[in-house]
Amino acid sequence: MADLDTGGGKKVSTRVDMTPMVDLAFLLVTFFMLTTTFNKPQTMELNMPDKTDDESVKQKIAESRTTTLVLAENNKVYYYTGVENPQVNVTNFSETGLRKVLLQKVRTIKDPIVVIKAKKEAKYKNVVDVIDEMAITGVKIYALVKITPEDLELVAKAPF
Amino acid sequence: MGKIKIPRKSIALDMTAMCDMAFLLLTFFILTAQMKPQDPVVVDTPASISDTKLPDKDILTIAIDAQSRVFFGIDGQFDREKMLEFTASNYKVGFTPQEIKEFSLMSSFGVPIGNLRDLLNAKDRDKFPQMGIPVDSANNELSKWVANARYANPKLRITIKGDVNASFDVVEKVMNTLQDQNINKFNLITDLKAKPKVL
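Chains as they are written, first to last, in my numbering: chain F, 2 to 161; chain L, 193 to 391.
None of these hints come from the bench; they were simulated from the model.
Do not take every clue at face value.
As the list claims (entries may be wrong) - Cut-off 30 Å, straight-line C-alpha distance, at most; resulting in silico cross-link-like pairs (DSSO-like, lysine-lysine):
| hint | chain 1 | residue 1 | chain 2 | residue 2 |
| --- | --- | --- | --- | --- |
| 1 | F | Lys118 | L | Lys336 |
| 2 | L | Lys377 | F | Lys126 |
| 3 | L | Lys377 | F | Lys118 |
Only a predicted model underlies this, so the values are computations on that prediction, with no experimental measurement involved.
Construct the complete structure from the given sequences, taking the supplied hints into account.
Following this line, the structure appears as structure tokens:
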């Protein structure tokens with residue numbers, strides 16, 4: 002019977018060094034521990050004022066510091082400053098759009114107030130993105146309110 | 193001072209035990225990771241930079257999907273049973289103890305009260321068409337569910353899980369329903385997105 006040539010008959014130790022195996026196991030444990038805490042959903046807090054039909058209780062806000070955003074269909078955002086005969090412009094959700102407008106307001110006005118109104122055709126994503134922009138640009142005072150017929154008219158008349 | 197050279201002996205440690213322990217820990221964490229409760233509807237939430245985590249218990253979830261259907265759910269089997277009893281007496285619908293038990297195991301549902309018994313008795317619940325809970329002012333079932341849920345558990349926190357393409361109209365109706373009950377603080381469930389650099 003032919004013999005297998007084991008190359009000199011040297012005894013090779015069968016001890017395996019388990020250190021890398023342990024490293025791997027701990028890496029896996031850490032990975033699972035971290036990913037299960039990361040896939041918990043995040044929340045965004047939203048506080049609304051108390052619903053009241055009493056007009057006198059509604060706070061008076063300084064017009065010059067107020068920017069009104071009207072969210073419309075197709076990710077369009079109409080905005081205007083003040084209340085008397087405002088100039089309505091339109092922008093979108095890109096970086097050069099709404100964020101630029103808001104940053105400019107934050108830089109030029111002390112404590113800007115933003116009033117957010119959404120048309121029925123706007124998507125929920127638009128509302129969440131706008132509230133997010135408030136957090137990103139640092140606008141502290143903002144409110145989500147019901148859209149009025151005057152706003153709908155203003156937006157309809159806008160040439161965009 | 194003369195350098196005293198300590199003769200170093202090489203120590204070969206047998207790591208097998210450590211490896212066993214590591215795998216035991218791994219198994220423990222995999223098994224105790226909680227399963228996500230099966231939702232009847234897939235909701236794609238929008239992203240936001242907010243990183244406040246959702247609390248684990250005592251939450252009331254109102255889910256609004258892309259077709260603007262409204263789903264409702266709370267956690268806690270006992271609270272679900274109590275809520276169902278209150279709502280059943282509001283709408284004068286009777287539920288058998290078996291149906292109440294089935295209900296307490298459902299994480300969320302989206303059918304008008306009239307179809308709830310059919311849903312509970314359906315053999316294949318996933319295929320049962322769930323049209324959403326009515327929120328219109330004429331028949332606002334959602335407000336009854338929310339009120340009864342809060343009677344059952346006053347500590348409940350309200351969360352709204354809306355789909356990116358849900359029309360704001362329905363979201364507004366839901367928020368008005370909540371505001372009518374003097375609920376003014378809610379949490380909107382969002383995915384995490386990195387905070388963009390603002391110049």
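Evaluated hints:
Of the pairs offered as hints, the one joining Lys118 (chain F) and Lys336 (chain L) holds, with about 27 Å between alpha carbons and a cut-off of 30 Å not exceeded. Between Lys377 (chain L) and Lys126 (chain F) the CA atoms are separated by roughly 19 Å; this keeps the pair inside 30 Å, and the hint holds. Simply put, Lys377 (chain L) and Lys118 (chain F) have alpha-carbon atoms about 18 Å apart, close enough for the 30 Å limit, and the pair holds.
Violated hints for the displayed structure: none, as all numbered hints are satisfied.
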